[in-house]
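Enquirer: Below, each chain spelled out in residue letters.
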Amino acid sequence: MGQIELQNVTKSFGPVEVIKDISLDIKEGEFVVFVGPSGCGKSTLLRMISGLEAMSGGSVSIANRDVSHAQPSDRQIAMVFQSYALFPHISVRDNVAFGLKIAGLPKTQIDAKVAKASEILGLEKLLDRKPRELSGGQQQRVAIGRAIVREPAVFLFDEPLSNLDAALRVQMRIELIKLHASLDATMIYVTHDQVEAMTMADRIVVLCDGRVEQFDTPVALYDRPQNTFVAGFIGSPKMNFVKAGPGSNGDVVLAGKVSKTLPGVNADNMTAEMTLGIRPEHISYSHDTGDWEGIVTVEEQLGSDAFLYVDVPQIGAITVRAVGERGFGRGDKIFLSFDPSRCHLFADDDQRIN
Amino acid sequence: MPKSNLIGAYVAAMLVMLVFTLPILWMFMGAFKTPVDIYSIPPVWWPDFSYLENFKLLLSENWQFLLNSVIITLGATVLCMVFALPCAFGLVNFQFRGNNFVADWILSTRMMPPIAAAVPLFMVFNGLGMLDSHFALILVYAGFNLPFAVWVAMSFFRNLPKEMIEAARIEGCTWFQTFWKVALPLTKSGIATVSTFVFIFAWNELLLALFLTSNEAKTFPVVISTFSTITRTYWELVSAATVIQVLPPIIFTLIMQRHIVSGLTMGAVKNG
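Going line by line, the protein sequences match chains P and X.
Start counting the first sequence at 0; every next residue gets the next number (numbering that gives the first Met the number 0).
Start counting the second sequence at 0; every next residue gets the next number (numbering that gives the first Met the number 0).
Hints are computed from structural coordinates only; laboratory data are not their basis.
There could be a bad hint or two in this list.
Unchecked claim - Examples of chain P residues toward chain X, derived with CB under 8 Å:
{"no.": "1", "residue": "Leu45"}
{"no.": "2", "residue": "Ala69"}
{"no.": "3", "residue": "Ser72"}
{"no.": "4", "residue": "Gln75"}
{"no.": "5", "residue": "Ala77"}
{"no.": "6", "residue": "Met78"}
{"no.": "7", "residue": "Ser82"}
{"no.": "8", "residue": "Phe86"}
{"no.": "9", "residue": "Pro87"}
{"no.": "10", "residue": "His88"}
{"no.": "11", "residue": "Gly98"}
{"no.": "12", "residue": "Ile101"}
{"no.": "13", "residue": "Ala102"}
{"no.": "14", "residue": "Phe334"}
Using N, Cα and C, we set each Cβ at its ideal position, and we do this for glycine too.
Build out the structure end to end from the sequences listed, making use of the hints.
Expert: In structure tokens, the structure reads:
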């Protein structure tokens, strides 16, 4: 139980198509994160899995059962909302027990399950309070408690941490990872925060404009983004993009000046206009030698890293991540080189070549 | 604001208040006056408040009509809410073709003055043999208040956070359970407000009661109107009856006032 299958799912609001033919296969016990910019359809997709939003086409099956037309209550799911959506008129205990009471479980069983869930989430002392008497983090815990007591096949999270402050968010993130490990349940998590996506997910669905751009493990998304959108979306600071063209012998030429041989790239798979991507952390820099000469325009010093924004006349603005670097300041001359084995090459249709 | 201006504002406020409360005060005084006191010149400014003959006479002869008013008003209020609340909840939460049209259409029925329906209603109830019955008036009062009640109820159901309804649905509630266990408890204050309005309308209604009742189901406002006869108006009885008439709405509003406060949904969702 717990696997989810989406087949050719579409959704239109009037003439606007917000979800365009999405098919996904989510395995049992997997932690899958939907990530993408605002308005990419990630929440809509989650709501269609939950049954709160009707689909315009396609089918959803949960635990090998077609639930395309089933009510949310018949889908064996639990959902945690961004706003928590606790019931303010009843106590924390009743909030957690709400679904069990609706299901008509005997009181002894309800009490046992509520006790177990509140122990996992550390809610024991809060059970008799009303939701408004709790802090944001505690309210979120109650919302998660309400979800886990029912032991659903699938958990759905709709940006559950975005209302929390930064420190609490990190803490809750770790707790959710632990919770997933201990419950071993399928979880789908929607966020626009790529750090959450990278740290929590077994696999990530990157969405853009109602389409799945890539569905893969966090490391694969980082190492081998399939197109320029994923390449630019995953990673912070953003990947650098430089215009590239085909050279002789299957080489890639940048700005008509530097030509490199990239692994997996040859004359056959290149197109006339290409984009070369290189992550800020994969650029080597030096005070005196390198392929490109530029000027540091901004230095963002984080202590552990320095982000250097370098203006290179031939290829434009390049961001460099310099670990522990203290030696460059604004206005300094800097030389950069790209390691060919860490470069990503994209064709004129934005799809990956190498 | 300078002090002199403040005093001026108070004086102005007192004057305005006097304009509005003087008739009520005069009516209240009149309820304790003898028929002679009522017409005496110069007027009796301060009646003897131990004189309760007006009330005794009134209640001994008309208590059953007061009871009619209570039954009909409570019946109409309850009936109206029983229909209005689920209707409003459905119109807000169910997306179906034409739900806006239905909502507008319900409101448009409010545009008809109730008296325009008096003659048709008389004929309908006459045909059904329901003239001068409690149920007929309950039905009419509930019906005339439905559009207003539905619209006000829609506005407070709309203010409920959508996630709250969705959370209930996910937790396994049927639509009815969502309505009953989540939506209603969270909109108590709104319900109190609407039912207060319906109560006051039904309690004070005169014209339709005059048309549709004669004796069995006659309501108290109709009784008051009978004290004005061709030969004389029994002002002392009108006053006493009016005092009785205004009491229930005041009491009802005071009871409901506790609920007519917003902020019940505070803490439900994080603001901002």
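Enquirer: If a hint holds in the structure, say so; if it doesn't, say that too.
Expert: Taking the hints in turn, this is what the structure says about them:
A hinted interface residue such as Leu45/P counts as satisfied when its beta carbon comes closer than 8 Å to some beta carbon of chain X; here the least separation is about 12 Å, so the hint is violated. Taking 8 Å as the C-beta contact cut-off toward chain X, the hint placing Ala69/P at the interface is violated, the least distance being around 12 Å. For Ser72/P, the interface hint holds, since its Cβ comes within 8 Å of a Cβ in chain X; the closest pair sits about 4 Å apart. Hint on Gln75/P is violated. Least Cβ distance to chain X is approximately 10 Å, over the 8 Å limit.
The criterion of a C-beta within 8 Å of any C-beta in chain X is met by Ala77/P, whose closest approach is roughly 7 Å, and the hint holds. Because the closest C-beta pair between Met78/P and chain X is about 5 Å apart, less than 8 Å, the hint holds. Here the hint on Ser82/P is kept, as its CB sits about 4 Å from the closest CB of chain X, short of 8 Å. At about 6 Å, the closest approach between the beta carbon of Phe86/P and any beta carbon in chain X falls short of 8 Å, and the interface hint on this residue holds.
Given the 8 Å rule on beta carbons, the hint for Pro87/P holds: about 4 Å separates it from the nearest Cβ of chain X. Taking 8 Å as the C-beta contact cut-off toward chain X, the hint placing His88/P at the interface holds, the least distance being around 5 Å. Nearest Cβ of chain X to the Cβ of Gly98/P: about 4 Å, under the 8 Å cut. The hint holds. Satisfaction of the interface hint for Ile101/P is found here, the shortest Cβ-Cβ separation to chain X being roughly 4 Å, below the 8 Å cut-off.
The beta carbon of Ala102/P comes within 6 Å of a beta carbon in chain X, closer than 8 Å, and the hint placing it at the interface holds. Interface hint status for Phe334/P: violated, as the beta-carbon distance to the closest one in chain X is roughly 48 Å, over 8 Å.
The structure shown violates the earlier hints numbered 1, 2, 4, 14.
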